[in-house]
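Undergrad: Chains as they are written, first to last, in my numbering: chain A, 1 to 602; chain B, 1001 to 1602.
Honestly, the hints are just simulated from the structure, not real lab data. Bear in mind the structure is a predicted one, so any value in this text is a computation, not a measurement. No incorrect hints appear here.
Derived DEER-like restraints, expressed as beta-carbon distance ranges: (1) A:Phe597 to B:Lys1009: 12 to 22 Å; (2) B:Tyr1101 to A:Lys333: 31 to 41 Å; (3) A:Gln319 to B:Phe1469: 39 to 49 Å; (4) A:Pro98 to B:Asp1590: 49 to 59 Å; (5) A:Leu8 to B:Val1592: 25 to 35 Å; (6) B:Asn1473 to A:Asp20: 57 to 67 Å; (7) A:Ile515 to B:Glu1497: 33 to 43 Å; (8) B:Lys1481 to A:Phe597: 22 to 32 Å; (9) A:Gly253 to B:Ile1041: 37 to 47 Å; (10) B:Glu1323 to A:Lys547: 55 to 65 Å; (11) B:Asp1051 to A:Gln48: 54 to 64 Å; (12) B:Val1335 to A:Gln319: 45 to 55 Å.
The beta-carbon is built from N, C-alpha and C at its ideal position, and this holds for glycine as well.
2 protein chains.
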Amino acid sequence: MATEYISLKNLRFLMHDVHDVAYFTKNFDHYKQHDPEMFDIMLDTAKQIGDKELHPFYQTMDRKHVPDIFDGVTKVHPQIPNIVKAMAESGWTRAIVPEEYGGMQLPSMVRVAGEFIFQAANNGAMFYSELTTGAAKLIQSFGSEELKAEYLEKMYDGEWLGTMALTEPDAGSSLSDLTTTATPQDDGSFKITGQKIFISAGDNDFSENVIHLLLARIDGAPSGTKGISLFVVPKYRKDAKGELVDNDVIPAGVYHKMGQKAAPAMHLIFGEKENCHGYLVGEPNKGLKYMFQLMNSARIAVGVMGASISSAAYYASLQYAKERKQGRKIDAKNVHEPQIAIIEHADVKRMLMYQKAIMEGSMSLVFEASRSFELSKVGDGEEREHHQLLLDLLTPVVKTYPSEEGIKSVSTGIQCFGGYGYTEDFPLEQMLRDIRITSIYEGTTGIQSMDLLGRKVVMKGGKAAMAYFQEVNKTVEEAFKYEALKPYAKLLKKEMEQLQQVTMHLTGKAMQGEIELFLADANLYMELFGLIAIAWQWLKQGVEAQKQIDQGNAAGDDLNFLQSKIHTMKFFFHYEVPRTKGLAQRLQDDEVLTVGFENMLV
Amino acid sequence: MATEYISLKNLRFLMHDVHDVAYFTKNFDHYKQHDPEMFDIMLDTAKQIGDKELHPFYQTMDRKHVPDIFDGVTKVHPQIPNIVKAMAESGWTRAIVPEEYGGMQLPSMVRVAGEFIFQAANNGAMFYSELTTGAAKLIQSFGSEELKAEYLEKMYDGEWLGTMALTEPDAGSSLSDLTTTATPQDDGSFKITGQKIFISAGDNDFSENVIHLLLARIDGAPSGTKGISLFVVPKYRKDAKGELVDNDVIPAGVYHKMGQKAAPAMHLIFGEKENCHGYLVGEPNKGLKYMFQLMNSARIAVGVMGASISSAAYYASLQYAKERKQGRKIDAKNVHEPQIAIIEHADVKRMLMYQKAIMEGSMSLVFEASRSFELSKVGDGEEREHHQLLLDLLTPVVKTYPSEEGIKSVSTGIQCFGGYGYTEDFPLEQMLRDIRITSIYEGTTGIQSMDLLGRKVVMKGGKAAMAYFQEVNKTVEEAFKYEALKPYAKLLKKEMEQLQQVTMHLTGKAMQGEIELFLADANLYMELFGLIAIAWQWLKQGVEAQKQIDQGNAAGDDLNFLQSKIHTMKFFFHYEVPRTKGLAQRLQDDEVLTVGFENMLV
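Chain A extracted, bound-state conformation (with noise of 0.2 Å):
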């Protein structure tokens, strides 16, 4: 097994030089406690738990102890507990909790840069931890102080863990059909009657309660997502005496996945035998839009999550790369000579470098929705106003890309491999396993494209896309200031036209009524979109590399870092950024194929 999963050298980089954690640090009152240099002594001590807690069970979690229900209780591996005790005790599930309510308050970025490491090093341990404190920032942020008060510091303490339960057998991506109910009771809860199925964690033989945050129907509430409240359901819940009593919560089933296997998607009954009771959050019928606090967070989680798996593999197969003699120099054939290492083929470099510029394109986009999701909440009037606009645009992107550019880099890992890679001797199978569910998570690709075309793109008259295209312009504005960034400025400058002339050309449909045409090809727009937005991520790490060479204080292994960073950057440009031609292309011819014509399915 390969022994190294993340470079804390290239998250530095990103967290401080390109994405400037130290701006929050210094300008707002919020951070004013914090020091930048703590926060690489954070990370050192994030690897050291991933290193001593999470690698080493990573294969053995998919093989051994796989969660499933037995005599009714819901068995998960032994480490699973040592994970979430680690998380508590480390502080990481407080790194953003406000102090008040005993959190370390951190910028979100330094919070995102320990959730590299961890998924990094294992994605399917940490669901446990990391829907908890989700779930736990659903009820302080909309809870009442009495919820507050039973709930979150169990819950950031880790002995009581937490779930999201939205979806049910006929409501999956349409939310809005869900019929789990609830009926009022007079001391104040509700009875709550339904079926929840894929529900990550949904329970354990460890924990001392679960806690799930469920979206159901109030009695008479209006159908549709209107009518859908968020309640709080505990496994135990108190009776009078304040005593834990069984709150008529069944395990029914455990899925068997392809891979993430450490952690149980399961099938929850609620209220089987009417006795199940449910606590209100916030107030009636504003469910859904308090979920989608925990969802666009869960949706920033997968692009972490994706580019983990990325980065895991990358490095995997890098090793491997260095390791494995195979062949000679194409025009060097003599087989006197012994063989090379397989990195020096041209091809097997192409696809680490492939890996390498989606992994480190993927990660920097992220550490820019943290930065906006931070600056939304901080910042002063306009600004805030200008990164929420930013945040929604870009979460969609966030969660999509490094999904499905991951599966594919995933995939190239394993092809470096050659017959190994298929095997469960190196552990890219199991990654490219894991990291397929990636794409479906928390809305799949479809729901996610049409959410950035049908409604992020044209929200507040196009106000997001505005502040983005700004964005970006910033960036090519700064790149212009170097000779040897000067091509991809102008490039990326050119890309962006191009978008917006495809930007233009859809919303004429839909401007047309035209609606299912317009939003019909919405997955290639995605594609093209996140194909940009990690150019700019590219170039803007070019930017910042440029800099520090120029500054020419950087040698040896720093100065040849900074060199890696122009020399992937080249090659995003140069083998990825060209297939926009073909997105742009498709999604400017106007023949309709893929509206009507279900009978052409044969």
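Chain A is fixed; fit chain B onto it per the hints.
TA: Relative to chain A, chain B alone:
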């Protein structure tokens, strides 16, 4: 589990109408005993075997009785022997074997059509039978009369099973480095010593014998590929009395693979006790040349496998998309209306159409190659040479396109299922695990791409490429006769011009002696070449469909089938062909990024 995995109607359309199997029965004595209508009956019986012996065991073979070694015995799924028997008894193992060896002497297109059925039904289960046929064919082509007498009947009868034993721990893509040795013995046999890995179906617990067609170096042979000889190495050899005795071939391990679990990939040790005898096939030092007969068939067989798994995935996705209700039309969001089948969503239709276009395009290309294979044997002088050139050129493409694009196509199928696609409740996740190997088997995509650009395109002064351009041009000319096809004929013509331009640009580098640069992006050249080859196959299918529509005899489902061919052709031209733009751009862009620069990979 989906009940459909292949369309006989489509196979018949491709075999009879597009690729004109009757051309053989009409024009060549070799096939004069056959009536093309009989071929349909053969496919019907093949489908019955698929339905009864293969498909019902597809998922269980992935999970139960996965082959492994127990007390030195390689145990396989108990249905495997039944499948081997069914293949032999139904005559499929002898489908293209000449009558003199008891075969049916069918055109290979018929065998290919049968293969599509079997592989689509249960790809992993077919290894034992198929490798045996390939191994027997090697003996039949190059072995002595003695070897033929001893092995052929037993092998074609499925009593003795065969393997191809090439790969060694340090000789995978680089076969010239293999080190297994053969020491001449007084009795004319050779003592074999060495290890082979990744030997598919390398051993079993049910056949009377296992016959390895093995590459080794005779003591003192030249190094490199010029010193490799081919041997028959049985698991049990005949002693002086004609009795079978152990031949010192030890099953040392079974690789645990991501997919295709029904067939063990094995590590075998030959001659650990210095008691392993092998029998030379043909002349010494010509082994690699002989093996390429099997290798080339195996490469086409991998193309069949890719297209077949894509077929099973498509029909499963299609069925699910028709049954699964979720959401409403984008412009009709009344939640009081019932949900619609997901096939009605444009994005789902795009994904299904994509799967269909990849799969039926791939199948057509395989038939094309199979036709050339046949004509390279039985055609008259000029025709024979023309088709040998075409076959040589197309073989790496037939191996690669259905593999690489098939992987994407099956992954797209998972996406149609949403979260369910990631679970064992549906067969798609297994299909993705199964098909992932195809881009590695029998020479990775990297190796195929270098073969295409570095050998096939330039061989004999570009004669194969010329033959290919000529062949495509014929289809373009045909298509120009139909008003509805003219735009697509024009498009393909333009694409061919661009391909020629790119080819000239690249071969220009070769002529300047820049061999490494010439081949650095061979993979992208393969992608470009493959896209256009499939566009050709779609235009060819379009011509046939349009012709039949114009004849006016088709109605109902038959007419709809033909119209769906035209529609899918259009889809391929509008959605897939534009991808050539980006590829052509990169291939004509001289920025060097992957020759040298190992230190940029950090």
